[in-house]
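**Student:** Listed in order, the protein sequences are those of chains A and B. Take 0 as the starting number for the first sequence in numbering that gives the first Met the number 0 and just add one per residue. Take 0 as the starting number for the second sequence in numbering that gives the first Met the number 0 and just add one per residue.
If you're looking for bench data, these hints aren't it; they were derived computationally from the structure. There could be a bad hint or two in this list.
What the hints assert, rightly or not - Here are the computed distance ranges between Cβ atoms for each label pair:
#  : chain 1 : residue 1 : chain 2 : residue 2 : range
1  : A       : E115      : B       : G143      : 40 to 50 Å
2  : A       : T124      : B       : D38       : 25 to 35 Å
3  : B       : T128      : A       : G53       : 22 to 32 Å
4  : B       : L16       : A       : S25       : 27 to 37 Å
5  : B       : E40       : A       : G37       : 41 to 51 Å
6  : B       : T91       : A       : E115      : 14 to 24 Å
7  : B       : A130      : A       : V48       : 16 to 26 Å
8  : B       : V82       : A       : T12       : 33 to 43 Å
9  : B       : V8        : A       : D130      : 11 to 21 Å
10 : A       : H21       : B       : P72       : 13 to 23 Å
Bear in mind the structure is a predicted one, so any value in this text is a computation, not a measurement. Glycine included, each C-beta is placed from N, C-alpha and C at the ideal position.
Each chain is listed here by its residues.
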Amino acid sequence: MTAGITLTPDELTAGDVVAGGHFALSRDSLVRYAGASGDFNAIHYRDDVAASVGLPGVLAHGMLTMGLAVQPVVDWIGDPGRVLDYQVRFTRPVLVDPVDGAELIVSAKVGKVDAEAGTARIDLTVTYNGDTVLGKAQAVVSLAPTASV
Amino acid sequence: MNPELVGRVFAPTSPYLVGREKVREFSAAVFATSPLNTDVEAARAAGYTDVVAPPTFAVVVQEHTLKQLLSEPDAGIDFSRVVHGDQRFTFTRPIVAGDELTATLNVASIKSLGGHSMVTAESTIVDATGAHVVTATSTLVVRGDE
Numbered sequence: 000m001t002a003g004i005t006l007t008p009d010e011l012t013a014g015d016v017v018a019g020g021h022f023a024l025s026r027d028s029l030v031r032y033a034g035a036s037g038d039f040n041a042i043h044y045r046d047d048v049a050a051s052v053g054l055p056g057v058l059a060h061g062m063l064t065m066g067l068a069v070q071p072v073v074d075w076i077g078d079p080g081r082v083l084d085y086q087v088r089f090t091r092p093v094l095v096d097p098v099d100g101a102e103l104i105v106s107a108k109v110g111k112v113d114a115e116a117g118t119a120r121i122d123l124t125v126t127y128n129g130d131t132v133l134g135k136a137q138a139v140v141s142l143a144p145t146a147s148v
Numbered sequence: 000m001n002p003e004l005v006g007r008v009f010a011p012t013s014p015y016l017v018g019r020e021k022v023r024e025f026s027a028a029v030f031a032t033s034p035l036n037t038d039v040e041a042a043r044a045a046g047y048t049d050v051v052a053p054p055t056f057a058v059v060v061q062e063h064t065l066k067q068l069l070s071e072p073d074a075g076i077d078f079s080r081v082v083h084g085d086q087r088f089t090f091t092r093p094i095v096a097g098d099e100l101t102a103t104l105n106v107a108s109i110k111s112l113g114g115h116s117m118v119t120a121e122s123t124i125v126d127a128t129g130a131h132v133v134t135a136t137s138t139l140v141v142r143g144d145e
């Protein structure tokens, strides 16, 4: 037995929005991610260091944005182990204000269904202040529970 | 940066033991809410041996290989000029707590574009039996002089 929903290829049509979410990032979120991931680059928590390298402020880790953006997809299919491939391009930085933080909005829609492989490519749109921050953000998921570890 | 790095394969990293609490900590940090990330019983009921790591957890293991690349004496990469361009994870199976993972870095390509260099680094991550778990691929952009 494995987890999550079972989908059939004809249930999914390219363009269908299948999942989404809002994520409120604060400076605390960045410190938490730094500790959890081991990425202690100071541009992600120190304004003076960010300014010294010409940045307009402290930025979220790109890998934090990538990590959270796939979560609505994981919740939709019901098993993190059913993400078979996941890629993004980092196109725009996410500035995290010390007081107001930053809000990321994720929308996940069906890109392409591969009935033979039993997979679907889910395309993610992640926006911050109305601008997309990731390009070619795609997760390939299995349509049915897979053999597990 | 040094174009002769293309094709270079680095020494495998020392084994990384995936801890259950580390998976829980990382899951919280990426706003993961699936019980399979945190609840051992839920993960076992789903057929996994222990809690399942979020898809991007592989970066924790990959990071050790990127450090090898950036500190390679003849690489000529100035860390302060490096920007993460893109990232990909291709799985054979998900990472679970208890896995002992080893990563091997290979420099897949180096391109020059408008004074910048782009290096694509591919880290192949295997378990204690040597079986493939996930390949993590990063393209790093090294900004040229402005």
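**Student:** Against this structure, judge whether each hint is valid.
**Tutor:** Hints, one by one, checked against the model:
1. A hinted range of 40 to 50 Å for the beta carbons of A/E115 and B/G143 is consistent with their spacing of about 44 Å.
2. As the Cβ distance of A/T124 to B/D38 is approximately 30 Å, the hint placing it in 25 to 35 Å holds.
3. Remark: the range hint 22 to 32 Å for B/T128 to A/G53 is contradicted by a beta-carbon distance near 47 Å.
4. For B/L16 and A/S25, the Cβ-Cβ distance of about 31 Å falls inside the hinted range of 27 to 37 Å, so the restraint holds.
5. Between B/E40 and A/G37 the CB atoms are about 28 Å apart, so this pair departs from the stated range of 41 to 51 Å.
6. For B/T91 and A/E115, the Cβ-Cβ distance of about 19 Å falls inside the hinted range of 14 to 24 Å, so the restraint holds.
7. Restraint check, B/A130 to A/V48: a C-beta distance of roughly 41 Å breaks the suggested window 16 to 26 Å.
8. Distance hint check: the CB atoms of B/V82 and A/T12 are about 37 Å apart, consistent with the given range 33 to 43 Å.
9. One distance hint, 11 to 21 Å for the beta-carbon pair B/V8 and A/D130, is violated here, with the actual separation near 39 Å.
10. Judged by the Cβ atoms, the range 13 to 23 Å given for A/H21 and B/P72 is violated: they are separated by roughly 46 Å.
Violated hints, in rising order: 3, 5, 7, 9 and 10; the structure is consistent with all others.
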